[in-house]
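Participant: Sequence:
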Amino acid sequence: MGRVLVWLITAISFLALSHQPAASEPKHAIAMQGEPALPPDYTHFNYVNPDAPKGGSITYCVVGSFDNLNPFILKSLRTTARGMMDQNYGNLVFEPLMQRNYDEPFSLYGLLADTADMDPERKSIEFHLNPKAKWSDGQPVTPEDVLFTYDVYTDKGRPPYSARMSLIAKLEKTGDHSVRFTFNDKANRETPLIIALTPILPKHAFDKETFDKTTLKPLIGSGPYTVAQVQPGQRIVFKRNPDYWGKDVPAKRGFDNYDQITIEYFLNANAKLEAFKKGLCAIDDDSDPVKRERDLDFPAFHKGDVVAETFDTGIPPVVTGFLFNMRLQKFANPVVRRALGMLYDFEWANKNLFGGKYARAMSYWQNSELSALGHPADDREKALLAPYPGRVPADVMDGTYRPPVTDGSGQDRKVLKAAFELLKSVGYHVQDGTMLDPDGKPFGFEILVASQDEERLAGIYQRSLEKIGIDVTIRSLDGDQIQSRKQRFDFEALIGSSGFNNSLSPGIEQLGRWGSEAAKAEGSFNLAGVADPAVDAAIDAMLRARSKEDYVAAVRVLDRLLISGNYMVPTQYNTQQWIAYWNYLDHPQKTPIFGYQLPSWWRKPN
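Mapped onto mature numbering (1 follows the signal peptide of the UniProt record, and there is no 0), the consecutive letters of the sequence shown carry residue numbers -23 to -1, 1 to 583.
It is possible that part of the hints are untrue.
The list that follows gives simulated cross-link-like pairs (lysine to aspartate or glutamate, EDC-like), each with its CA atoms no further than 16 Å apart [what the hints assert, rightly or not]:
#1 LYS394 to GLU443
#2 LYS111 to ASP189
#3 LYS307 to ASP225
#4 LYS328 to ASP384
#5 LYS567 to ASP225
#6 LYS567 to GLU286
Derived DEER-like restraints, expressed as beta-carbon distance ranges [claimed, not checked]:
#7 THR192 to ALA14: 35 to 43 Å
#8 ALA336 to ALA371: 23 to 31 Å
#9 GLU423 to THR151: 29 to 37 Å
#10 ALA309 to LYS190: 49 to 57 Å
#11 LEU413 to LYS334: 24 to 32 Å
#12 ASP356 to ALA277: 57 to 65 Å
#13 THR151 to LYS109: 36 to 44 Å
#14 ALA336 to ASP189: 41 to 49 Å
In short, the hints are calculated from the structure, not lab data.
Virtual Cβ for every residue (Gly too), placed ideally from N, Cα, C.
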């Protein structure tokens, strides 16, 4: 009997151990789905030239102004000086724990942290800080800096940084060079990666009490550059830190090749273009194919001193269009928004403005497996939508949805009539040439624009709407004014985008673009004010998905809901990236799936 008992205890112990999750171990990289593509002994990302020559200078030019160097506070949101932490020009001053590889959907590799130990259930992650990591003043990066960063973001930071501590049950120092994040039930499977991408601040260089005040004083970071000169609102100059700690880190090889980077600010796009033609600006990246061909008619281009090039990308295009502020009663009815969405004449615009070089934007993840277009809803999707019956029309459910196609004349009566009938079905009518709402009040709205190109596009839409009696006005504002209005949600309609550049791995940023909580948070990117339990549920399912099949299903459901909600009127897109640049610049031969990466370019010697 004793032997049997011992055997039973041994067997039970073995079974218990065999059902425990596999132990985690420190890794050089982490991925949202599957495993990172590059091995531990990788030497550099495959879209850089690891031997790119260092030296020289470059000047980037932007439209707008700035009054602040701290990119993490709300007070001057979106008027912070470019380059401090910049998606286009690079994180010149501040860095995250791990660096994104832009040739993978969503994989991160060691930077300030040389390894990450993420448990299989993603309930915690421990980062080991690179012992060589230093701030630009020579002091080491420590676990205390990580703890301070989350403390000050929580109390004084702007969205989305201010909300990240709400996902963390415990943040602790676990060694001289290590910190561990333990997550609560609000977190999801992407949370560890978002933590890894969060920029880290030096505790000794910031005063928490004054952190949320704007400043033009050069800030200390761990990045490859320091702020050398600030001319408020006009210019910021960055100089390479000769003692930059990370120049030999594999994730940084081939990047940060200039000794000096200057960012010049201009009042409008025309002034910026003229500066480019004169050689002050190194690049021009106009998105209008007709306009850029016309603008390239100048001597330096004909001589070959300026080069124009296109790059293919592998990501869904950013959705741009006319976005409605649903916080206003006039846009509350989805039938009204659907009718308004029918009235953008893409065929006329593409033929007369864009030389037929654009395609119609119809999905938020167009041209990918994540898109609802061409993909009938499967059982997984139907199960996610079951609690919200009738929310998605049949053509969006079966993947056949397409917006109305006009005859390109600019006055297709069949489309105008269909939109009118839709408005009529919810109580709208026309009297003396004016569209009246169900209360008998004239129906119209104002579109904010920030450039001549946007004003021209708004004019097309305005003419279509006026044909059925909808009164649309267009107001042009400068960059600072329109950003301030966006931050306060003080607008009726504007030409905007669905958010930052889209990707093949949408994640927590979707909460900021479409989530109900973000609709109420000043400064968030949920400009449309979407507050829909079905959308929240789709994003939650996406963030908690464990298999690729569940993940794809959740993103497609989100796409179907956004299409059906008619929160914006998508316009057009071109999947190719176009850029013109002075030929003293050079770039790597390989283009990653996210498109060209300016921080990997360099200046030709001599």
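Participant: State for each hint whether it applies.
Facilitator: The hints, checked one at a time:
1. The straight-line distance between the Cα atoms of LYS394 and GLU443 is roughly 13 Å, inside the 16 Å bound, and the hint therefore holds.
2. Proposed proximity of LYS111 and ASP189 is contradicted: the alpha carbons are some 24 Å apart, above 16 Å.
3. In summary, the hint linking LYS307 to ASP225 is not supported, as the alpha carbons are separated by about 56 Å, beyond the 16 Å threshold.
4. For the given pair, LYS328 sits about 11 Å from ASP384 by alpha-carbon distance, which is consistent with the 16 Å threshold.
5. Straight-line distance between C-alpha atoms of LYS567 and ASP225 comes to about 21 Å, which puts the hinted pair past the 16 Å bound.
6. Using a Cα cut-off of 16 Å, the hinted pair LYS567 and GLU286 holds, with the two alpha carbons roughly 13 Å apart.
7. About 40 Å separates the C-beta atoms of THR192 and ALA14, a value consistent with the hinted range of 35 to 43 Å.
8. Between ALA336 and ALA371 the Cβ separation comes to about 24 Å, which falls inside the hinted range of 23 to 31 Å.
9. The given range of 29 to 37 Å is broken by GLU423 and THR151, whose C-beta atoms sit roughly 54 Å from each other.
10. ALA309 and LYS190 have their C-beta atoms about 38 Å apart, which leaves the hinted 49 to 57 Å range violated.
11. The given range of 24 to 32 Å is broken by LEU413 and LYS334, whose C-beta atoms sit roughly 39 Å from each other.
12. The beta-carbon spacing between ASP356 and ALA277, approximately 59 Å, falls within the hinted interval of 57 to 65 Å.
13. A hinted range of 36 to 44 Å is violated for the C-beta pair THR151 and LYS109, which are about 19 Å apart.
14. The hinted window of 41 to 49 Å between ALA336 and ASP189 holds, with their beta carbons roughly 43 Å apart.
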